[in-house]
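Make a model of the complete structure from these sequences and hints.
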Amino acid sequence: MTDEQWEKLRPLLPPQKPNIGRPAHDHRRILNGILWILRTGAPWRDLPERYGSVGTVSSRFYRWQQAGIWQRILEELQQQGDADGSIDWEKHFVDSTIIRAHQHAAGAKRGIKIKRR
Numbered sequence: 001m002t003d004e005q006w007e008k009l010r011p012l013l014p015p016q017k018p019n020i021g022r023p024a025h026d027h028r029r030i031l032n033g034i035l036w037i038l039r040t041g042a043p044w045r046d047l048p049e050r051y052g053s054v055g056t057v058s059s060r061f062y063r064w065q066q067a068g069i070w071q072r073i074l075e076e077l078q079q080q081g082d083a084d085g086s087i088d089w090e091k092h093f094v095d096s097t098i099i100r101a102h103q104h105a106a107g108a109k110r111g112i113k114i115k116r117r
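Under UniProt numbering, the first residue of the sequence shown is numbered 1, with each subsequent residue one higher.
Derived Cβ-Cβ restraints for the label pairs, each shown as a range:
(1) 80 to 44: 28 to 34 Å
(2) 85 to 50: 35 to 41 Å
(3) 90 to 41: 26 to 32 Å
SDA-like cross-link-like pairs, simulated, lysine to any residue; straight-line CA separation at most 25 Å:
(4) 8 to 89
(5) 8 to 24
(6) 8 to 85
(7) 91 to 38
(8) 91 to 75
(9) 8 to 77
(10) 8 to 75
(11) 17 to 29
(12) 8 to 35
(13) 17 to 75
Hints in this document: simulated from the structure, not taken from any laboratory.
Don't be surprised by glycine CBs; every beta carbon is placed ideally from N, CA and C.
Take a look at the structure:
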């Protein structure tokens, strides 16, 4: 993540916990790890060590998801982009009617034998 991107995201993140006992893991490092997972599609276990432990990075991702932080960040960035005119709403949207899922996404299993009469 670039310094410019970080400066835009930093105020939208929860406050960094104070260093009491063990030092808190830096939000930027953890966020870079989360972005690496999302960009590559790799399983959590393949996260490079430079981003921290898999448990720390995945735990923060899921806790923030549960707390609605990702949704709040998305909404705030959309508002900022709309206010400065950098979002063309005719172009930047997702229409789920055009997204096709692979047949296995529907739960199809390979190798299941079906008894026929």
